[in-house]
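**Student:** Here is how the chains run, residue by residue.
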Amino acid sequence: MKTKSNLERVLESKIFAVTGELGPPQSADPEVIRKKARILKGHVDAFNVTDGQTAVVRMASWAACLIAKEEGLDPIVQMTCRDRNRIALQMDVLGIAALGINNMLCLTGDHQKFGNHPTAKGVYDLDSIQLVKMVKDMRDERKFQCGEEMAVEPRLFIGAAENPFADPFEFRVARLAKKVVAGADFIQTQIVYNVDKFADWMKMVRDRGLHERVKILAGVAPIKSVGAAKYMKTRVPGMDVPDSVITRLQGVPKEQVSKEGIKLCIDIINQMREIEGVAGIHLMAIEWEEAVPEIVEAAGLMPRPRLVT
Amino acid sequence: MLISEQKPLEEILSYLEGDKSIFLIGCKGCAEGWESGGEKQVAEMKNTLQEKGKNVAGSVVVDMLCDSALTKLKLRAHKKEIAAADSILVLTDGAGVQTVAELVNKVVHPGCNTLSAGGAHAEWKEAERCLECGDCMLEFTGGLCPIARCSKHLLNGPCGGSQGGKCEVDPDIPCVWQQIFDRLAKLGQLDKLERLVTPKNWSVSLISGPPVKRLS
Numbered sequence: 158m159k160t161k162s163n164l165e166r167v168l169e170s171k172i173f174a175v176t177g178e179l180g181p182p183q184s185a186d187p188e189v190i191r192k193k194a195r196i197l198k199g200h201v202d203a204f205n206v207t208d209g210q211t212a213v214v215r216m217a218s219w220a221a222c223l224i225a226k227e228e229g230l231d232p233i234v235q236m237t238c239r240d241r242n243r244i245a246l247q248m249d250v251l252g253i254a255a256l257g258i259n260n261m262l263c264l265t266g267d268h269q270k271f272g273n274h275p276t277a278k279g280v281y282d283l284d285s286i287q288l289v290k291m292v293k294d295m296r297d298e299r300k301f302q303c304g305e306e307m308a309v310e311p312r313l314f315i316g317a318a319e320n321p322f323a324d325p326f327e328f329r330v331a332r333l334a335k336k337v338v339a340g341a342d343f344i345q346t347q348i349v350y351n352v353d354k355f356a357d358w359m360k361m362v363r364d365r366g367l368h369e370r371v372k373i374l375a376g377v378a379p380i381k382s383v384g385a386a387k388y389m390k391t392r393v394p395g396m397d398v399p400d401s402v403i404t405r406l407q408g409v410p411k412e413q414v415s416k417e418g419i420k421l422c423i424d425i426i427n428q429m430r431e432i433e434g435v436a437g438i439h440l441m442a443i444e445w446e447e448a449v450p451e452i453v454e455a456a457g458l459m460p461r462p463r464l465v466t
Numbered sequence: 050m051l052i053s054e055q056k057p058l059e060e061i062l063s064y065l066e067g068d069k070s071i072f073l074i075g076c077k078g079c080a081e082g083w084e085s086g087g088e089k090q091v092a093e094m095k096n097t098l099q100e101k102g103k104n105v106a107g108s109v110v111v112d113m114l115c116d117s118a119l120t121k122l123k124l125r126a127h128k129k130e131i132a133a134a135d136s137i138l139v140l141t142d143g144a145g146v147q148t149v150a151e152l153v154n155k156v157v158h159p160g161c162n163t164l165s166a167g168g169a170h171a172e173w174k175e176a177e178r179c180l181e182c183g184d185c186m187l188e189f190t191g192g193l194c195p196i197a198r199c200s201k202h203l204l205n206g207p208c209g210g211s212q213g214g215k216c217e218v219d220p221d222i223p224c225v226w227q228q229i230f231d232r233l234a235k236l237g238q239l240d241k242l243e244r245l246v247t248p249k250n251w252s253v254s255l256i257s258g259p260p261v262k263r264l265s
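If you read the sequences in order, they're chains A and B. If you read the first sequence in our numbering, its first letter stands for residue 158, the second for the next number, and so on. If you read the second sequence in our numbering, its first letter stands for residue 50, the second for the next number, and so on.
Result set (DSS-like, lysine-lysine): computed pairs, CA atoms no more than 27 Å apart in a straight line:
no. : chain 1 : residue 1 : chain 2 : residue 2
1   : A       : K390      : B       : K215
2   : A       : K192      : A       : K381
3   : A       : K360      : B       : K235
It is worth saying that the hints were derived from the structure and are not from the lab.
This is chain B alone, in the form it adopts within the complex (with noise of 0.2 Å):
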């Protein structure tokens, strides 16, 4: 079971300044679970954003939107509101977040932060796609993960090892930021990487904070 919880409301409503159109994805696992982005909270959000003078595309919730296969199939039936929103809006863990950023080719805006994997790894088998850090960083770096997928966790863009879009550590490993650049290249966002990241708040993260505070 993965542990998420939703970002402060005004840290969601600025990922989303600029766009006026927002396609919303929840999850019926463990999102619904943990009242992060189940059914009840997608239409909450769908509320609040209109409230504050958004349009809601549409909106989907997928029962395991970690599962690739699946949430591609569910996300055929939504083609044409995702294609006429501005962005996405996914209310889930990292996992879902980044199935989503690899599935369709727009902005994904993650909606929460993952606290915990609770001992579990998605149904994304093939790679590690989330490190419950508790402060979603996927806003920033379209969708890819490089707490969890860059050897030395860096925030502000690749090392001097990268080449070929493989990891200096070993090539079997690609350079997840060479897929960030190439992923925000094709969003036209590559300014997105100039900004200067400050240092990780790692309090949060399950690593070094107290997990009895986190899990009650």
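Isolated chain A (complex conformation) (with noise of 0.2 Å):
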């Protein structure tokens, strides 16, 4: 084990791994934070608190991590490249394995003019790729980015995400081998909707052998109305939501939709299962965490390992 986390000791145990998701409030309310992760305790192995998601302003996702973990879970802290220089972002992986978190998942960030602050300065001084490396040589080498040492590293279990619907899809995989060549131990996928293109990449992935090499956890979320399903599949940048999924939800009535979107959600977790090479799913319930025990129990995933951080 490199680290204490909860996350990494389930995945290296061979157990097929179930991650969480947990948005901060965009105030200073604790509570909200409370709440939600009471409803994730004991359905997840670990789960991601989001750092500025869509780059609408948030409560911190390491200031969240440390209310979540107070409730006794363990929290995977998102940390995006967007609004941070290395100077900053070094400083806060200090910071954030000082507090005792123990994962930590690299991302460029969602473009600021997604956001609510459109014309905010971005900063990208790094790439996601470039992050994972500085994380890995700050625990494993004990470097800074600049080649000085540091006497205690932060032990931190290390992600990044991994968009197999993004183009050019032939450089996805090559883009995943940057990642676990730069120092990644686990990937969690954009949510899978289209489960032939997923299952194609899947297997490019194998005949690199990276998933030998790196912890892969599909990204899985329930669609609660046609209208998001729709909104996703025209709005959000990187999702593929093929028209098959819009007409199963179509086909029953309104109120019973968001129902079918969780038995949607559970099939596809079962697929998963039977691909090759995934070790786990990333569930992300977003503003919808009650769903999450149900589609937990429902995959047959529970009960979930005893949680050892």
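Got two chains here, each in a separate frame; can you build the complex from them with the hints?
**Tutor:** Structure follows, in structure tokens:
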């Protein structure tokens, strides 16, 4: 074990892992986080706390992680390059590790244009791959990006994201390989609705042997309404929602759509478990945390291994 | 006026490793003024490369290399020499390098770093071509600049928002990483994208470094 991460322990013991996601509030209210954390507790092995997702100002990921950790969970801090240069990133990495957080997901970040401060100056001093490498060198070499050494290293289980549905498709696996070389321990993918395309991508991943060098968690998410499905299809960058998904949701009475959305999510989880090299799922029930226990239960993923950090 | 200076010879030679025959291009505009790629510097580079055992297939110095139409016309006269060369070395700013890369289906090496646009933006008006970063990356990106044309200045490939050749920020903006991928695929150089690109030195860029030092 490289770290005290519960997620690392679960993945190392070859148990099909489940991670969740928690969005911090657009306010200083800690109760919102506690409430969501209590719903997720016992149903996930670890969970991401987003870092200004869609470039909207929210409580800092590390702060929300600390509140959630008090509830007895293993949080994954998300860290984007959009808002911090290499100096700020490294300072945060040290602070996060010192606070006892065990996992970090390295992201480039949603562009500031999409958020509620579109006139902000984006930073992008590093990209996500360079961030992975920097954190890995801090942990394993005790070195800052400049090459200077530190006394106590940040012991973080390092994650990165990958989107099998973005273009150029042929380059997506090469990009994953770069993240593996840079030092990623685990990967969480974009939400999978196009299972066939995901399976094609996983085949390319296996052909390069990458599934043996990094733990891949397939992104899944329940859809609440037909409108939400259409919005994701047309408005969310990097999403691939096939027409069959929309047709399926349209095929049931309106009051049953959210139930069908949950069923669809469970079906996709079951398909993910059949694909060689998929080590777990990353369940993103954003602003719908109540759905998590039901989905995890119905997918046969309960009980979760006892949490140890 | 785009202000550029020649990259260290060692760096240029590392780009040319494996290429036996080189075609040289300079510019009588800004690069002549800043002595980074005018008639004199192109002649000097020709001698240097020959001393280093390279064959110089030919050379041309264009009046305004960033003027795409003019450059196209001038390069036509050297079609055979260019075809015979393994690659092209361009001694001018990032705008000029990208003009050549768009016109010629051949590997184009940047020989200079662009320090400042000095308020001007070259003759190529339809798009940003050079952000004056001072540490030209065009060698690794098929002659298309991800600093100037990627919304997140990414150096290791496209983000997860590249779809259908478009940038996630605006459907009217082409994803330059898709363009880089396509060009390198055409040149048989996709292996260039497998390399881990290390964090960039922003201290030499106009937006992060001290301008007084750069313009003195």
